[in-house]
Amino acid sequence: MDLDALTGCLASTACLVTQTTSGLIIGMLLFLVAVGLTLIFGVLKVVNFSHGAFYMFGAYFAMTAYQMSGSFALAMLCGAAGTAILGLVFERVFMSRVYGANVLMQLLVCYAFVLIFDDVVRMVWGPEFRSMGMPAAFQVMPLFIAGGVIPPYYLLLIGVALSMALILGLGLARTRIGKIIRAAAHNPGMVSALGINTGLIYGGVFALGGMLAGLAGALAAPVRSLTPGMGFSVLIESFIVTVIGGMGSILGALIGALLIGLIRSFGSLGFPLFTEGLMYLFMVIVLVARPSGLFGKEIA
Amino acid sequence: MTELQAGRTDSLGVSGVELKSQRGQYLDVLVALAAFVVLAILPVFFGSKALLDFVIRCSAFGLFATSLNLLVGYTGLISFGHGMFFGLGAYGFGLLMQRTGVSIPVAFASTLLITAVVAAVIGAICVRLKEIYFAFVTLAFQMLIHSTILSWTSLTGGDQGLRGGIPRPVFMGLDLSNHLHLYLTSCALLVLGLLLMRQITQSPFGYTLRMIRDNANRASFIGIDVWRAKLMIFVLAALFASTGGMVMALFVSGAYPEFAYWTISGEGIFINMLGGITTFLGPMVGTVLLLTLNDTVTRLTEYYGIVLGIVILFFAIGLRKGLMDFAFDWYAQRRDQVRERAR
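Those protein sequences? They're chains A and B, same order as listed. Numbers 1 to 300, taken from the working numbering, label the letters of the first sequence in order. Numbers 1 to 343, taken from the working numbering, label the letters of the second sequence in order.
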């Protein structure tokens, strides 16, 4: 425990700005992963345990595309599109077979793919740590705000994540497709009776969730190291985010992700060894006070 | 299966039930004794250390997985944090032996006591929650304990684990540093643990648990305190998991943070699914299957995950149930067919 470091940081604006930005970065990446998880749960009622693998694939796809083409935009696109296709195939071929089955069976299928995907990455890209490297366009002087250091890439990352949140929120609330998705979440039988292909909706939502996780992985690739199994800690953290925010709630995922991001960045100052413990402690407190999460619907 | 049995005992009348359950109890004890005798004379014929090691590991994981099935299969509580009690058992026992120098039975009993207290506190918070939320909150507690173990370096040795070995003073001729004694002790603990768990599942309390699993509302309407029953089985299951952890700590002569990591809980769930959750011995079969699979696959290929993943997919999508469940249903189907034909 190092409370002096924490109070010292809270007293200086420079440290405050730096830590808050790094918290926001963690939070935004987590949000992108968690919002996919929460969407898939909300519509398909499936806890996608293999969601971390999509994050991992997004990062590796982006790295390969960047190394081959040298274009950052193309790398992001490849990361997102590749995982979207992967999500669609995964849902249609495997997950759709266990919808009626026991929850444990669904978890088991996902667990199997966590193992398989990790090994596939190990086969294709090797077991060692890889890194994509920061694109030249962002290798410029960092910004200084109130004495705190903010790399420009961080601003892009926050901007992309926030616009995704906005697009998703508005898209679900205002568009026709959004309405159909919400209807399918509420009563799939009725939706399919009205002549809408629910299988397509399910596949599409899974692809969307996979794409968001892949985008998070692609965005994280320049700032984090890539390794098989990298999806795992992200998965656990995004579970915490969805549970804190409330399963199925997009706003909840955003707030939960930001809270967890800030807990991580400030907690690492005050409790360097117990940072993870703080997150779990927070989750326990939230769940005990509000079992359905901060923004979840009350369970009947 | 359980409903069938219940229906059958109903038609036998009260005295019939008692007679049958008593006969069943004797049978269980006999089977347990026979199993122990077989395990005990095993070293006489097969002296290989690898085999004995395998049985010891099976004892540790078998106790853990079967106790998890008390929650998952019998009560419908899908715990994702059951591994915390496995870790707690290993660390509690290891620390007591290293720091206090008490005799082994005292350390054993004290660890069980500590586990019971911790499980009662955690359980009191968790069992109020339903389904997926119960799973997540148990997972959170598991990770909380894991983080505590990692960060409390002065007590637990942090990520290095408890090192320096666990002292094993000889107790009444029982010398646990002797491999054969350790083997016999783990077998005894396994058989005894399974027998006790079997008694729990066959007792009226065990049938209360099944009722809670099938319809918790109905159970509470007829006057059962659901919260108390769930808490009780949560604590009882924790005790057996802790025993499994102690066997593991004795086997590796230490305790490592991985014992309290969530993957242990994941493996426990996986073992249950592999073996099947509707039969009592399903988890035990699953344990043997998984450990055998582990040992052979890691010897054959470095891509262990792919092979294991495909096996899991075969079970989850192909059979859609565990091995014992599959065999049991298949047998029941065959029996019915034979009866049809006889008619």
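Some clues are possibly wrong.
To be verified - DSSO-like, lysine-lysine: derived pairs with alpha carbons at most 30 Å apart:
{"#": "1", "chain 1": "B", "residue 1": "130", "chain 2": "A", "residue 2": "179"}
{"#": "2", "chain 1": "A", "residue 1": "45", "chain 2": "B", "residue 2": "49"}
{"#": "3", "chain 1": "A", "residue 1": "45", "chain 2": "A", "residue 2": "179"}
Hints are computed from structural coordinates only; laboratory data are not their basis.
Item to check | Pairwise hint evaluation, residue 179 of chain A against residue 45 of chain A, where the allowed Cα distance is 30 Å at most | outcome: holds (17 Å)
Next on the checklist: Given the hinted pair residue 130 of chain B and residue 179 of chain A, is their Cα-Cα distance within 30 Å?
Outcome noted: With Cα atoms ~29 Å apart, residue 130 of chain B and residue 179 of chain A stay inside 30 Å; holds.
Checklist entry - Regarding the pair residue 45 of chain A and residue 49 of chain B, is the alpha-carbon distance no greater than 30 Å? => result Measuring from Cα to Cα gives roughly 48 Å; hence the hint is violated.
Comparing the model with each earlier hint shows a violation of hint 2 alone; every other hint is respected.
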